[in-house]
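Novice: Position 19 (the sequence shown) corresponds to 19 in the UniProt record's numbering; numbering is contiguous.
Honestly, I wouldn't trust all of these hints.
Using C-beta positions, here's what the derived DEER-type ranges look like [what the hints assert, rightly or not]:
no., residue 1, residue 2, range
1, H53, Q18, 39 to 47 Å
2, Q18, V73, 23 to 31 Å
3, D109, V15, 25 to 33 Å
List time: in silico DSSO-like cross-link candidates among lysine-lysine, alpha-carbon distance up to 30 Å [to be verified]:
no., residue 1, residue 2
4, K79, K27
5, K41, K85
6, K27, K85
7, K79, K22
8, K41, K79
Bear in mind the hints are in silico, worked out from the structure with no lab data behind them. Don't be surprised by glycine CBs; every beta carbon is placed ideally from N, CA and C.
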Amino acid sequence: MASEQNPDNGEDSGVAVQRQRKVERAKRFQVVFHNDDYTTKWFVVDVLTTFFHMSETTATAFMLIVHQHGRGVAGVYTKDIAETKAAQVLEHAREYGMPLRLTVEPDDD
1 MASEQNPDNG EDSGVAVQRQ RKVERAKRFQ VVFHNDDYTT KWFVVDVLTT
51 FFHMSETTAT AFMLIVHQHG RGVAGVYTKD IAETKAAQVL EHAREYGMPL
101 RLTVEPDDD
């Protein structure tokens, strides 16, 4: 703890001052999968198990949610990690000729 100095003569006033630092939590971003009519279901499951480390059962359930509801959040990360995962997945999809669509969106929670 720092002691506050007397502004008149520069002497230590003997009053202890505790400074608080406000630590902000890093903004989080969602990696969102969007349904399309061309990317195969098996490919989506493969991407989820490979890049998002989901079990095959969890990946299959997630894929069905995206298929039925049009979109789903695969994970929430810091901005850099979310953007890197999205870029890796999209590059992988292009290599296999899949038009997989995903976005990185701010997490409101």
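Novice: Are the hints correct? Go through all of them and say.
Specialist: Okay, the hints, checked on the actual structure:
no.: 1; hint: H53 - Q18: 39 to 47 Å; in the structure: holds (43 Å)
no.: 2; hint: Q18 - V73: 23 to 31 Å; in the structure: violated (40 Å)
no.: 3; hint: D109 - V15: 25 to 33 Å; in the structure: violated (41 Å)
no.: 4; hint: K79 - K27; in the structure: holds (7 Å)
no.: 5; hint: K41 - K85; in the structure: holds (19 Å)
no.: 6; hint: K27 - K85; in the structure: holds (16 Å)
no.: 7; hint: K79 - K22; in the structure: holds (21 Å)
no.: 8; hint: K41 - K79; in the structure: holds (27 Å)
Comparing the model with each numbered hint stated earlier shows that hints 2, 3 do not hold.
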